[in-house]
Amino acid sequence: MAALRGPRGWMLLLVAVFALAQLGTVTGRDTPDTKNYLAYALSLRGEDKRETAAVTIDYACAGRAARARREQRVDVLRFAAPSPAARVARKCRAELWRTVDARLRAGQSGGHTLPFMSERFMRIFEVRPGYPVFLVPFVTVLGATWGLWAAGVAVTAAGGVLVHLLLRTRRVPVPLALTGQALYYVLPCGATAMRPMAEGLMLALTLAALWGCALALDGRHRPGIALTCGALAALFAVKHSQALFLGVSLAAAGALIAVRRRVRGRPAGRAVLALTAVGCCAVLGTLLLARALHYPTEADSVQDLLTDHYARPDRARPWPELLRLEGHFWWEWLRRQLWQPLFAALLAAGAFGALRRGGRAFGVFVAAAAFTGFLTQAAHPDITVWGERLIVLAWLLPVVGVPLLLERVTARPVGLPGPRSADERSAAVR
Numbered sequence: 000m001a002a003l004r005g006p007r008g009w010m011l012l013l014v015a016v017f018a019l020a021q022l023g024t025v026t027g028r029d030t031p032d033t034k035n036y037l038a039y040a041l042s043l044r045g046e047d048k049r050e051t052a053a054v055t056i057d058y059a060c061a062g063r064a065a066r067a068r069r070e071q072r073v074d075v076l077r078f079a080a081p082s083p084a085a086r087v088a089r090k091c092r093a094e095l096w097r098t099v100d101a102r103l104r105a106g107q108s109g110g111h112t113l114p115f116m117s118e119r120f121m122r123i124f125e126v127r128p129g130y131p132v133f134l135v136p137f138v139t140v141l142g143a144t145w146g147l148w149a150a151g152v153a154v155t156a157a158g159g160v161l162v163h164l165l166l167r168t169r170r171v172p173v174p175l176a177l178t179g180q181a182l183y184y185v186l187p188c189g190a191t192a193m194r195p196m197a198e199g200l201m202l203a204l205t206l207a208a209l210w211g212c213a214l215a216l217d218g219r220h221r222p223g224i225a226l227t228c229g230a231l232a233a234l235f236a237v238k239h240s241q242a243l244f245l246g247v248s249l250a251a252a253g254a255l256i257a258v259r260r261r262v263r264g265r266p267a268g269r270a271v272l273a274l275t276a277v278g279c280c281a282v283l284g285t286l287l288l289a290r291a292l293h294y295p296t297e298a299d300s301v302q303d304l305l306t307d308h309y310a311r312p313d314r315a316r317p318w319p320e321l322l323r324l325e326g327h328f329w330w331e332w333l334r335r336q337l338w339q340p341l342f343a344a345l346l347a348a349g350a351f352g353a354l355r356r357g358g359r360a361f362g363v364f365v366a367a368a369a370f371t372g373f374l375t376q377a378a379h380p381d382i383t384v385w386g387e388r389l390i391v392l393a394w395l396l397p398v399v400g401v402p403l404l405l406e407r408v409t410a411r412p413v414g415l416p417g418p419r420s421a422d423e424r425s426a427a428v429r
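Counting along the sequence shown from 1, when you hit position 32 you're at 31 in numbering that gives the first Met the number 0, and nothing is skipped either side.
Since no wrong hints were added, every one of them can be taken at face value.
Simulated restraints on C-beta separations:
(1) A85 x V384: 26 to 36 Å
(2) R44 x I382: 28 to 38 Å
(3) P172 x L341: 24 to 34 Å
Simulated from the structure, these hints should not be mistaken for laboratory data.
Remember, it's a predicted structure, so these values are computed and weren't measured experimentally.
Note that the Cβ used here is the ideal one computed from N, Cα and C, for glycine as well.
Sequences are here, hints too, so could you generate the full structure?
Below you can see the structure in the form of structure tokens.
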């Protein structure tokens, strides 16, 4: 009990407050991707296609009906009208069953997911078993609705706790470590992690890899390297492109630190070299294993983007078109950031805190991990993806960096006058 009244108690109190706040929205958080992950989890549990379809479609349509009801309640013209929930749910179920039935009868019944779309598109989710495996115990014990909600709470709470542990490893005071944990919950990374998609698990595993970096830089090489390796391996199962991006970023960060130290006549350091090697191995291993398992390639991803999930014919020259789209996307993205500069301001503050206050090497690794958010967004420059979930990993920079910046700010002497000597007092009287 005494331990719960200390720093651990405050950390758990934040988790409890966050979990209670999530009871305000149990249904209606799902996205189009959620159906695929839920169907995968139910299939792993042993359900047949019809049982899986019944549970998945009911869950998806309940979410659509809940959103329709909430929107109608605040519509200035329709708030007094009867609830549209039942009508929306019926229409949704009819549409989804019609699609699934037609594709099942056509023979599209392989894999773990349901045929909501073409086999080529569903293949993208078939190679992401990590998140469905994580969901299985939750949906088995609590059912689809409460299971997905509880899984979101668990993985988001874990992400905040990892932020706390990461900052404590850098010897940040407990109040500021709690600040980082709270920032994780209230900034978009918390809201995105709560959605029943793979992003919450990706965020938690990226933080676990960063914690491993912090441990290694702190002299605890074996547990730190093991944790980073384990997080990268798990990321491959969740979303192999994120394992690739994080491996590239960690390798580049380690190489940059090593070169900088060599130029200054200092040894690169065992931890930095080990983390660089881990990043390189992650890149090579991801590429080789993805090819060996015949995962969708970069070309498949580009065609998926440019053909509206393969609903249109493949583009003849996809890469030049992607580059042109990238230019348009980032110009529009920058315009929106200048219009609402909160994200840019927090990124700047987080970068300053991580790079100048948190230890140069550690700050570079934090910035590199956050940069994977920009890599993910660049790989899919779609401005219509709501919630900015593709770039969400970039929010880890202010989550970790701002508390480091506040540590130095709060530690500065404020220049209050101290006790004066007898000579000074007598001089003041004269």
